[in-house]
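Undergrad: Once you have looked at the hints, place chain B on chain A.
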Amino acid sequence: DAGVTQSPTHLIKTRGQQVTLRCSPKSGHDTVSWYQQALGQGPQFIFQYYEEEERQRGNFPDRFSGHQFPNYSSELNVNALLLGDSALYLCASSQRTSGGFQETQYFGPGTRLLVL
Amino acid sequence: KQEVTQIPAALSVPEGENLVLNCSFTDSAIYNLQWFRQDPGKGLTSLLLIQSSQREQTSGRLNASLDKSSGRSTLYIAASQPGDSATYLCAVRHRHGNNRLAFGKGNQVVVIP
Chain A
1 DAGVTQSPTH
11 LIKTRGQQVT
21 LRCSPKSGHD
31 TVSWYQQALG
41 QGPQFIFQYY
51 EEEERQRGNF
61 PDRFSGHQFP
71 NYSSELNVNA
81 LLLGDSALYL
91 CASSQRTSGG
101 FQETQYFGPG
111 TRLLVL
Chain B
1 KQEVTQIPAA
11 LSVPEGENLV
21 LNCSFTDSAI
31 YNLQWFRQDP
41 GKGLTSLLLI
51 QSSQREQTSG
61 RLNASLDKSS
71 GRSTLYIAAS
81 QPGDSATYLC
91 AVRHRHGNNR
101 LAFGKGNQVV
111 VIP
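As given, the protein sequences belong to chains A and B, one line each in that order.
Just so you know, we're using this note's numbering here: the first sequence kicks off at 1 and counts up by one.
Just so you know, we're using this note's numbering here: the second sequence kicks off at 1 and counts up by one.
Chain A on its own, in the form it takes in the complex (with noise of 0.2 Å):
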């Protein structure tokens, strides 16, 4: 059973461009989250996707903006980059019950973004 799948793992952008992340969550999850980890820091929520609609969003500007699948995999997209959007972006997928509730998340490996 594969777990949470991201691409690239690594990213060099310069600013000003545009970079699109993808995410594949665990089987059986249908929500996938976003978070930014910069250096030294503890990652920051951005958004949370699940039947293809952005459902919370995080502190972060309209520059990020996201995407989910019909097959429940998701694209994180930054316009515009700046040099602090020099980050680790990690992928988290989860199931939704019946009930409306999150199950636990389980996390990607990240992909490291560096902009120039």
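Careful, some of the hints might be misleading.
[What the hints assert, rightly or not] No more than 25 Å apart at the CA atoms, straight line, and that leaves these computed lysine-lysine pairs for PhoX-like:
1. B:42 / B:105
2. B:1 / B:68
3. B:105 / B:1
4. A:13 / B:42
5. A:26 / B:42
6. B:105 / B:68
[Unchecked claim] Non-contacting residues of chain A with respect to chain B, defined by C-beta distances greater than 12 Å in every case (computed):
7. 16
8. 17
9. 42
10. 52
11. 55
12. 58
13. 79
14. 80
15. 83
16. 85
17. 103
18. 105
19. 111
[Stated by the list, open to error] Distance ranges between label pairs, derived from CB positions:
20. B:9 / A:13: 42 to 50 Å
21. A:62 / B:12: 41 to 49 Å
22. A:71 / B:26: 37 to 45 Å
If you're looking for bench data, these hints aren't it; they were derived computationally from the structure.
Note that the Cβ used here is the ideal one computed from N, Cα and C, for glycine as well.
TA: Only chain B this time, still in chain A's reference frame:
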């Protein structure tokens, strides 16, 4: 807003000593608390999850306690080994946060052989 603090930020211990890592949080209305391990440049590995109704969880040499009323959790690692060297992150899930996790900055641990 939930604030999670972990102290100490970094520590080094000789192999064989017990490790004690502390986590505090400001809002006691949590659903659960989770401890993760992170190796340099890697993702997160879940170690222990404590539900808000529980006082502690144990897995092998790891034991985590939770005092929700005082907003504290402690992770104990018995008889530390060099392979325990990593960053340990504490994360809380708010009762009404629908799975959003609030993380501390982590405890960076080095176990000296």
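Undergrad: Against each hint, give a clear statement of whether it holds in the structure.
TA: Going through the hints against the structure:
1. B:42 / B:105: Roughly 15 Å separates the two Cα atoms, so the pair holds.
2. B:1 / B:68: Status holds; Cα separation ~16 Å.
3. B:105 / B:1: Status holds; Cα separation ~16 Å.
4. A:13 / B:42: holds (20 Å)
5. A:26 / B:42: With Cα atoms ~18 Å apart, residue 26 (chain A) and residue 42 (chain B) stay inside 25 Å; holds.
6. B:105 / B:68: Within the cut-off at roughly 20 Å; holds.
7. 16: holds (26 Å)
8. 17: holds (22 Å)
9. 42: The claim breaks: residue 42 (chain A) does not keep its Cβ more than 12 Å from every Cβ of chain B (closest is about 3 Å).
10. 52: holds (17 Å)
11. 55: violated (7 Å)
12. 58: Violated, since 7 Å does not exceed 12 Å.
13. 79: holds (23 Å)
14. 80: holds (25 Å)
15. 83: holds (19 Å)
16. 85: holds (17 Å)
17. 103: violated (8 Å)
18. 105: It is violated; residue 105 (chain A) is separated from chain B by about 6 Å at its closest Cβ, not greater than 12 Å.
19. 111: Residue 111 (chain A) not clear of chain B: closest Cβ-Cβ about 10 Å, inside 12 Å.
20. B:9 / A:13: 42 to 50 Å: violated (30 Å)
21. A:62 / B:12: 41 to 49 Å: holds (43 Å)
22. A:71 / B:26: 37 to 45 Å: Between residue 71 (chain A) and residue 26 (chain B), where Cβ atoms are some 39 Å apart, the hint holds.
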